[in-house]
Amino acid sequence: MVYSEECDFIFRLKGILEFACQLDNPNGVQSQSTISKSFQDLRSKVTSKNIVFTVCNSPVLIWPNTGFQSSVESLTEASACGDILQWIESDDGGSKKSSKKKDKKKSGPTVVNMKLLFEVTEPAGNTAPSLIRVSTQQHCVKMPLPLDCALSVTTDERLETVCTGLVEALNKQLADMEEVVLQYRKGSSFLVPQPFHFQLPEPAGLITVVYPAGVPDSQLQAVREDLHRKFELPCDRPYLRRANAFHFPDAAYKDGYLRNPHIHLNPPNIEDAKLYLVQGVYSYHHYMQDHVDDNGWGCAYRSLQTICSWFQQQGYVETAVPTHTQIQQALVDVGDKEPRFVGSRQWIGSIEVQAVLNQLLGVTSKIMFVSQGSELATKGRELANHFQTEGTPVMIGGGVLAHTILGVVWSENTGQIRFLILDPHYTGGEDLQTITDKGWCGWKGPEFWDQNAYYNLCLPQRPKSI
Amino acid sequence: SILTLFRICFESVTYVWLLFYSCKQVNIAHYWIFINFFFCMFRGRMGRSYFVDEAVGEYLSGLQAAPGSCVTGLLAGQRDFVVLAVQTPHRESEGQLKAPKGVSPLDDIDVEWVTEHAKQVSRMLPGGLCVLGLFLVTPPELSKDAQNGLKRLIFAVEKYIIKGRLWELSEEDVTDRVTLHICSKTKKLLCKTFDVKDPKSSAKPADWKYQTGISSSWPMLTCSVEVDLQIPVTGSSSDNTDKCMKDGLRRWAKQIEAAYCLINGRQALDDSELISGQVKTLHCLSMSQEQSELGERSSALVQVCSGSMRVRGVVHCRAYIHNNKPKARHAAQAIKRDIINTVCSRVEMFLEDLCINEGSQKGLCSGQQALPRRVFAPMPISGLSVCDYMFPDESTADVAERLKEMLDCETPEEDIDTSLENNQLFSIISGFEITDSQDDDSSKHVSEIQAENPKIQKPPKYYAGVALAAAIALLATATSLLYFS
Numbered sequence: 251m252v253y254s255e256e257c258d259f260i261f262r263l264k265g266i267l268e269f270a271c272q273l274d275n276p277n278g279v280q281s282q283s284t285i286s287k288s289f290q291d292l293r294s295k296v297t298s299k300n301i302v303f304t305v306c307n308s309p310v311l312i313w314p315n316t317g318f319q320s321s322v323e324s325l326t327e328a329s330a331c332g333d334i335l336q337w338i339e340s341d342d343g344g345s346k347k348s349s350k351k352k353d354k355k356k357s358g359p360t361v362v363n364m365k366l367l368f369e370v371t372e373p374a375g376n377t378a379p380s381l382i383r384v385s386t387q388q389h390c391v392k393m394p395l396p397l398d399c400a401l402s403v404t405t406d407e408r409l410e411t412v413c414t415g416l417v418e419a420l421n422k423q424l425a426d427m428e429e430v431v432l433q434y435r436k437g438s439s440f441l442v443p444q445p446f447h448f449q450l451p452e453p454a455g456l457i458t459v460v461y462p463a464g465v466p467d468s469q470l471q472a473v474r475e476d477l478h479r480k481f482e483l484p485c486d487r488p489y490l491r492r493a494n495a496f497h498f499p500d501a502a503y504k505d506g507y508l509r510n511p512h513i514h515l516n517p518p519n520i521e522d523a524k525l526y527l528v529q530g531v532y533s534y535h536h537y538m539q540d541h542v543d544d545n546g547w548g549c550a551y552r553s554l555q556t557i558c559s560w561f562q563q564q565g566y567v568e569t570a571v572p573t574h575t576q577i578q579q580a581l582v583d584v585g586d587k588e589p590r591f592v593g594s595r596q597w598i599g600s601i602e603v604q605a606v607l608n609q610l611l612g613v614t615s616k617i618m619f620v621s622q623g624s625e626l627a628t629k630g631r632e633l634a635n636h637f638q639t640e641g642t643p644v645m646i647g648g649g650v651l652a653h654t655i656l657g658v659v660w661s662e663n664t665g666q667i668r669f670l671i672l673d674p675h676y677t678g679g680e681d682l683q684t685i686t687d688k689g690w691c692g693w694k695g696p697e698f699w700d701q702n703a704y705y706n707l708c709l710p711q712r713p714k715s716i
Numbered sequence: 019s020i021l022t023l024f025r026i027c028f029e030s031v032t033y034v035w036l037l038f039y040s041c042k043q044v045n046i047a048h049y050w051i052f053i054n055f056f057f058c059m060f061r062g063r064m065g066r067s068y069f070v071d072e073a074v075g076e077y078l079s080g081l082q083a084a085p086g087s088c089v090t091g092l093l094a095g096q097r098d099f100v101v102l103a104v105q106t107p108h109r110e111s112e113g114q115l116k117a118p119k120g121v122s123p124l125d126d127i128d129v130e131w132v133t134e135h136a137k138q139v140s141r142m143l144p145g146g147l148c149v150l151g152l153f154l155v156t157p158p159e160l161s162k163d164a165q166n167g168l169k170r171l172i173f174a175v176e177k178y179i180i181k182g183r184l185w186e187l188s189e190e191d192v193t194d195r196v197t198l199h200i201c202s203k204t205k206k207l208l209c210k211t212f213d214v215k216d217p218k219s220s221a222k223p224a225d226w227k228y229q230t231g232i233s234s235s236w237p238m239l240t241c242s243v244e245v246d247l248q249i250p251v252t253g254s255s256s257d258n259t260d261k262c263m264k265d266g267l268r269r270w271a272k273q274i275e276a277a278y279c280l281i282n283g284r285q286a287l288d289d290s291e292l293i294s295g296q297v298k299t300l301h302c303l304s305m306s307q308e309q310s311e312l313g314e315r316s317s318a319l320v321q322v323c324s325g326s327m328r329v330r331g332v333v334h335c336r337a338y339i340h341n342n343k344p345k346a347r348h349a350a351q352a353i354k355r356d357i358i359n360t361v362c363s364r365v366e367m368f369l370e371d372l373c374i375n376e377g378s379q380k381g382l383c384s385g386q387q388a389l390p391r392r393v394f395a396p397m398p399i400s401g402l403s404v405c406d407y408m409f410p411d412e413s414t415a416d417v418a419e420r421l422k423e424m425l426d427c428e429t430p431e432e433d434i435d436t437s438l439e440n441n442q443l444f445s446i447i448s449g450f451e452i453t454d455s456q457d458d459d460s461s462k463h464v465s466e467i468q469a470e471n472p473k474i475q476k477p478p479k480y481y482a483g484v485a486l487a488a489a490i491a492l493l494a495t496a497t498s499l500l501y502f503s
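Chains as they are written, first to last, in the numbering used here: chain A, 251 to 716; chain B, 19 to 503.
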């Protein structure tokens, strides 16, 4: 999750517009122009005087297309958009002016959620009410379009600019949706166009792409290739799969796992050393989760789950994180273990992790061997390289324990090294405070390893695909 | 509740003090006031009080009933305020007057006709106002059975009015309906209420109190709403058409009900009151569709239909709200219901008319036809207005005739306002109404009446002898606590 450093706010506007049209002959040539006309009507609706933006959890209402009127007198077109915050009632009560007292690092831009409304009481004309009846057989198509526009801005940006930007974004999104609908339509079967937001490296920033619902990522390869070219993105790693969609800071993850607990830690301050960290998003898997009591034997399984979650959230795979049983079954399937292995409490090591990653996810991994724990301190260059090029979490097993390495702080000159360790032996709940305070996710020195035991490290490699 | 407890304590203390004080000089006048007030408090705790415009009283006393027969009619208004009474119009039957076949004239009451009249009248009432109940004038010998007759009628009327209504009653809506029985000889009034939610309920006593100018300063909300609904029609019979139209309108009605309503720039959500009682601006903002209704659709809903109907145009809506501490959200509810009602009523009327003209097995033929236009006329005396719907081939004379028949009032044709809705299809004339409740020539009275408002609700005669009145109240409280706790 890399936030653009300058942007303090994300304005997110959501709303549903109903697309409706009547087709005499879904396969005829006329149908395309009928559909386009309906979209044109929706676009003119969005640029009409009747649209209203409301800021969620606040009394603020803005009419962006009528010379910027707002329901709150102190908010005018020239107001800084940061002023909106004082009107928003946060869930924990109290004014937002005294922002959270965390001493942790800045948690990213503030999201202002807005809803799209239409005024029904200011008609443009005064046409008499009439009933128009058509009696030819038709296909009546109705489809709710889930509009979702996002705009990244700085605190002092004028509200008027924000609103104009949002109206333009709505227009553009409707045009994109029209394109997607027409492209994937088969006769009278229409797929709902769904918008996804992606945070791309600068200068692109936050962009929105419309994908047709129900079409899996694997079939949208060509679309992604075009976009990678357009935004000059590297062609060997995914940026625009649905799983890569930008996670808005105020949205909770539905599955309840913690994401990237390491970002709440401060890396050790070592002279002349550089920081090499895991890239992207992973979930923290540890003992006792999912009602599985694997205390004492499941640490390598949990580390493997953390790695699988990384591949899922970076968009490389669509399968869910495997359970202990699925992991064991995969090992039986490749012939590495006897069938009675499934359901047992046997430990696994790096080799097994490599095998499972290959079997279930199609991911290859490198194995690194150190004969003594003390030797790990000398592996700084290899680990730094790994985090720089691949950026995947590393599973390390040895002695009687397995851990996950998420990064290193390493000095090329002095050779000093610290390891960022995610410990799967934690048995408590998803309490970020405990996990960071008690060092379940924390920076450790070379003395952390058993100096006499041998260790195997599994370094998963990114598949080259988009 | 705490407030009631406090009031009881306060009253008890005052009573004891006054009783002690007044024991020294007790005379017959005190006893008289005591008994009178006792019964008033007694009844006050037991049932509703209706405040009725004096003009209604005049109308009711002016009713002529043929000897031995009954007169039925409607009472209309809002909440506990009755501002209109209309007798059931004479039904033109096909042949001559039917010979009475029931045992009593009460059985002769044409329930179907009364309910039809009620429905027509409720279409003519702007938002906020509705049919509150019925009255029945009977000769003295039928007074005993009048209550049963009224009960039968009131439930039938309620059932008929609800049919086809696209919005549901909320918990706050009052389900008590008022019935008034008048003896044609003694002119005695007996007022009761029935709870139409519960068919087994029995009548509860209620108060009927006359006042002047009840509705003269009721705030009025108006707005113009643009409607553009596409409704697919499956099947070809007229029943299908009606059902499809109903379903389509119901979906739209839900959106309107869920819309945000801004009155005087503030959202009308909570219990806040309408400041200054005037409605200067009104906006309704609709969300188009709730996110949760989306579900997990990944493709469009496609229906093969035999045709479609489109309701399109601008309708003018109006609602009134009372001025006894009105809540903003009741005002919002009133105008929203009017928006829904006006569109539904005219579509209903149009389709009924179509059925008569084109026959019931019509195939849908194409074309655009104007829906009936809404026109407004002043209501007799009360300062409010009523509305009617004018078909394109009708004139204000037809409207005046209908007003006479349905509302029993003479309206000069020039008073009928046809300007609020256009009669040209697809013409482009801007129309936007913001008005407050000023009548043409009574505007200078408005401010005076407003100043008196706080007092109007408390009938003057009860302020006579306030000290003893308090004492009597205490006794009533004590008694009711004893007997009715």
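Hints in this document: simulated from the structure, not taken from any laboratory. Small disclaimer: the values here were computed from a predicted structure and weren't measured. Hints should not be assumed to be uniformly reliable.
[As the list claims (entries may be wrong)] One side of the interface only, derived from the structure: several residues of chain A facing chain B at Cβ under 7 Å:
1) Ser-321
2) Val-322
3) Leu-367
4) Thr-371
5) Pro-373
6) Ala-378
7) Arg-383
8) Ser-385
9) Lys-392
10) Gly-437
11) Ser-438
12) Val-442
13) Gly-464
14) Leu-515
15) Asn-519
16) Ile-520
Beta carbons: idealized from backbone N, C-alpha and C, even for Gly.
Each hint tested on the structure:
no. : hint    : result
1   : Ser-321 : holds, 6 Å
2   : Val-322 : violated, 9 Å
3   : Leu-367 : holds, 4 Å
4   : Thr-371 : holds, 4 Å
5   : Pro-373 : holds, 4 Å
6   : Ala-378 : holds, 5 Å
7   : Arg-383 : holds, 5 Å
8   : Ser-385 : holds, 4 Å
9   : Lys-392 : holds, 5 Å
10  : Gly-437 : violated, 9 Å
11  : Ser-438 : holds, 5 Å
12  : Val-442 : holds, 6 Å
13  : Gly-464 : holds, 4 Å
14  : Leu-515 : violated, 37 Å
15  : Asn-519 : violated, 47 Å
16  : Ile-520 : violated, 49 Å
Violation of the numbered hints given earlier is confined to hints 2, 10, 14, 15, 16; the remaining hints are satisfied by the structure.
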